[in-house]
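Residue numbers (the numbering used here): 1 to 334.
Quick caveat, the hints were computed from the structure, so don't treat them as lab data.
Check each hint, because a few of them may be wrong.
Unchecked claim - With a straight-line Cα cutoff of 27 Å, these simulated DSS-like cross-link-like pairs (lysine-lysine) come out:
hint, residue 1, residue 2
1, Lys-196, Lys-255
2, Lys-310, Lys-33
3, Lys-200, Lys-175
To be verified - So the derived label-pair ranges between C-beta atoms look like this:
hint, residue 1, residue 2, range
4, Ile-176, Ala-103, 46 to 56 Å
5, Ile-96, Glu-159, 52 to 62 Å
6, Ala-103, Thr-5, 26 to 36 Å
7, Ser-202, Lys-33, 23 to 33 Å
8, Arg-21, Asp-170, 21 to 31 Å
9, Thr-154, Asp-231, 27 to 37 Å
10, Glu-20, Ser-222, 51 to 61 Å
11, Gly-99, Asp-128, 37 to 47 Å
12, Ile-96, Val-183, 17 to 27 Å
13, Arg-189, Ala-103, 54 to 64 Å
14, Thr-324, Glu-159, 20 to 30 Å
For every residue, glycine included, the Cβ atom is placed at its ideal position computed from N, Cα and C.
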Amino acid sequence: MVDSTQLERLNIVKARALVERTFSGQDFDVEVKNSAVLISNEENTFVYAQNEKVSALAIALTITDLESSWNLILDEPDGKALIQIEGLQDDCSLWIINGDSLAPHPQRDPDELKIQSIEPQIRSLLEDNHCVVTFEHGKIKGELKGLPIVEVVTGPNGESHLEVGVGTYDREAHKIVNYNEPVETTLERISQEVSKFRQKDSVVHPLNRVARPNWLIHEVMSTESEIGVTDIERIPSPVDRMDVPDNLAASAIAKKNNQVILLTAYTGADLEAVPITAQLLHSYPADEIWFLHPQKDDYSAIRRQAEHLKVPVSFIPVSEPWPTAPLTNYQTNH
Numbered sequence: 001m002v003d004s005t006q007l008e009r010l011n012i013v014k015a016r017a018l019v020e021r022t023f024s025g026q027d028f029d030v031e032v033k034n035s036a037v038l039i040s041n042e043e044n045t046f047v048y049a050q051n052e053k054v055s056a057l058a059i060a061l062t063i064t065d066l067e068s069s070w071n072l073i074l075d076e077p078d079g080k081a082l083i084q085i086e087g088l089q090d091d092c093s094l095w096i097i098n099g100d101s102l103a104p105h106p107q108r109d110p111d112e113l114k115i116q117s118i119e120p121q122i123r124s125l126l127e128d129n130h131c132v133v134t135f136e137h138g139k140i141k142g143e144l145k146g147l148p149i150v151e152v153v154t155g156p157n158g159e160s161h162l163e164v165g166v167g168t169y170d171r172e173a174h175k176i177v178n179y180n181e182p183v184e185t186t187l188e189r190i191s192q193e194v195s196k197f198r199q200k201d202s203v204v205h206p207l208n209r210v211a212r213p214n215w216l217i218h219e220v221m222s223t224e225s226e227i228g229v230t231d232i233e234r235i236p237s238p239v240d241r242m243d244v245p246d247n248l249a250a251s252a253i254a255k256k257n258n259q260v261i262l263l264t265a266y267t268g269a270d271l272e273a274v275p276i277t278a279q280l281l282h283s284y285p286a287d288e289i290w291f292l293h294p295q296k297d298d299y300s301a302i303r304r305q306a307e308h309l310k311v312p313v314s315f316i317p318v319s320e321p322w323p324t325a326p327l328t329n330y331q332t333n334h
């Protein structure tokens, strides 16, 4: 097994060899910074970063002294990164590893616009149970305070029906256990159960520990005047979420004095929040970007990343709508 020090050395050797073979006859200096290898000379700077949990671009953006023009090396083509660099003020070029040298990243295919709709009676049923209808990655869901609790599924004959539950496993379990119960009754009961835990004075519970950025966007939409914006509209994430909702950054578009504001909510040290926001600028051009976060999640690394975005950025702390008490021994053991 290769430890972190050995991996760093291997990455240095790999990156330097790739750059020198591609640009033969040039001399390069090597530096390691923020888990990234920088291969540079007076003309070019190349960044190579390898991490299983964080994207190469997210790591590169934490390096504030990058030149206005720089290059990012990727192990394989990444259409998402191609869109994300469009949202940067930097002149960033992408390269992919092609054998023992580098090749310019291929251009991405044009976006396919898919329009989704929901039957009025299904929308009414979801809204009657305090759900917000969302359209994301080909799926129609009903979210309660940012947590998807029901999905609209299309049958083999084109008819729509509801599957209730948080994630595929929970939905399948409800279909088996509540097979003889009207879906309206199941949805009402689940809505009441989730509502009990998706509030500030609840006990700490799995239902209030997931999809928290979504929850922050929901709260801002409910009390938009508190941060001084209007006409807030939730927008889908460009990244497909896990089946059981994770804490991936969530976004919305709003207005302030005829200016378009892109709102992105994140929690924790989310190094993908800025790349995701940069990607959204492709479809949702904005005059400003506001990052909404709990007070304790104001991280300097995320601020450094945001310096690369091509529109002005603000970081705005917002109140946490979930319980913040530590887990009890009982809760950690059950």
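Status of the hints after comparison with the structure:
{"no.": "1", "hint": "Lys-196 / Lys-255", "verdict": "32 Å, violated"}
{"no.": "2", "hint": "Lys-310 / Lys-33", "verdict": "23 Å, holds"}
{"no.": "3", "hint": "Lys-200 / Lys-175", "verdict": "30 Å, violated"}
{"no.": "4", "hint": "Ile-176 / Ala-103: 46 to 56 Å", "verdict": "51 Å, holds"}
{"no.": "5", "hint": "Ile-96 / Glu-159: 52 to 62 Å", "verdict": "44 Å, violated"}
{"no.": "6", "hint": "Ala-103 / Thr-5: 26 to 36 Å", "verdict": "30 Å, holds"}
{"no.": "7", "hint": "Ser-202 / Lys-33: 23 to 33 Å", "verdict": "43 Å, violated"}
{"no.": "8", "hint": "Arg-21 / Asp-170: 21 to 31 Å", "verdict": "51 Å, violated"}
{"no.": "9", "hint": "Thr-154 / Asp-231: 27 to 37 Å", "verdict": "31 Å, holds"}
{"no.": "10", "hint": "Glu-20 / Ser-222: 51 to 61 Å", "verdict": "56 Å, holds"}
{"no.": "11", "hint": "Gly-99 / Asp-128: 37 to 47 Å", "verdict": "59 Å, violated"}
{"no.": "12", "hint": "Ile-96 / Val-183: 17 to 27 Å", "verdict": "47 Å, violated"}
{"no.": "13", "hint": "Arg-189 / Ala-103: 54 to 64 Å", "verdict": "56 Å, holds"}
{"no.": "14", "hint": "Thr-324 / Glu-159: 20 to 30 Å", "verdict": "44 Å, violated"}
Of the hints listed earlier, those the structure fails to meet are numbers 1, 3, 5, 7, 8, 11, 12, 14, in rising order.
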